[in-house]
Structure formats: structure tokens, C-alpha cells
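Colleague: Sequence:
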Amino acid sequence: QVKLVESGGGLVQTGDSLSLSCTASGRTFGTMGWFRQAPGMEREFVASISRSGGTTGYADSVKGRFTISRDNAKNTVYLQMTSLKPEDTAVYYCAAKLVGGVIYRDWGQGTQVTVSS
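Under the numbering used here, think of the first position of the sequence shown as -2, with each following residue one higher.
Treat the hints with caution; some may be incorrect.
Claimed, not checked - Calculated lysine-lysine pairs in the DSS-like style (CA-CA distance at most 25 Å, straight line):
no.	residue 1	residue 2
1	K82	K60
2	K94	K71
3	K0	K82
4	K94	K60
5	K94	K0
Said to hold, decoys possible - Using C-beta positions, here's what the derived DEER-type ranges look like:
no.	residue 1	residue 2	range
6	G5	T52	20 to 28 Å
7	P36	A56	28 to 36 Å
8	G51	S114	31 to 39 Å
9	T11	I100	33 to 41 Å
10	G50	V2	14 to 22 Å
11	P83	V2	20 to 28 Å
Just so you know, the hints here were simulated from the structure itself, not pulled from any lab data.
Using N, Cα and C, we set each Cβ at its ideal position, and we do this for glycine too.
With the hints as constraints, model all of the structure from the sequences given.
Modeller: And the structure:
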């Protein structure tokens, strides 16, 4: 059974840092990513990382503040968030592609991040 479980969300203040983790199980995963959805908004891409970790991508809104990484031995992907802003408030979702896959096929349940001003 494929399962992605996020953790690390919480309530922080503007300028704080927070680290999210996503532990995956059930298959070998390819590219993994983080997405977020704020209330009343569409889900949006945040960051992605290739299976090797050699290629990463970021949304312009988080570039320079967020860092994605992964540990394949632990089947875990991380999102280190710094200089958090109220507009970063959202439910953050972990997602994964199959090895060589094109679409994000597997999704976690999400973890809430709230940044107070």
C-alpha cells in the first residue's frame, strides 16, 4: 500500500523557520514534490526534487527561502522553510511520481502551516 505521511506543520510567527517531512512507503518513488493550498485558493506547486536529488525546482514565491531535500535510505523528503510570511499559510502536501513518471500520482493528507503576522 502506497502511503505518504507529512509531519512538522504548526503555528509560527513571521520570519520564523519550520521544517516539514514526508515519509513515503509502498513503492520506489521518482521525483517528489511539495504543494500547498491556502483557503479559497487552488493547490499550487512549491518545490520538487528528482530521485537522485540532483535536480530541484522552486516556485518563484519561495525561491531563496525554502529548500527541498530527500533521503532515499529513509524514503523521506524534507522542506526547510525560512523567513516565513503570512502568505505562506496553507496546507502543505507531499506528492510523488513513479520512477520515470510524468504526473504526481501519490499524495499525502497534508499538514497545516500557519504563519501569524
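Colleague: Does each hint hold? Answer for all of them.
Modeller: Consistency of the hints with the structure:
no. : hint                   : verdict
1   : K82 - K60              : holds, 13 Å
2   : K94 - K71              : holds, 17 Å
3   : K0 - K82               : violated, 30 Å
4   : K94 - K60              : holds, 22 Å
5   : K94 - K0               : holds, 13 Å
6   : G5 - T52: 20 to 28 Å   : holds, 23 Å
7   : P36 - A56: 28 to 36 Å  : violated, 18 Å
8   : G51 - S114: 31 to 39 Å : holds, 37 Å
9   : T11 - I100: 33 to 41 Å : holds, 35 Å
10  : G50 - V2: 14 to 22 Å   : holds, 20 Å
11  : P83 - V2: 20 to 28 Å   : holds, 26 Å
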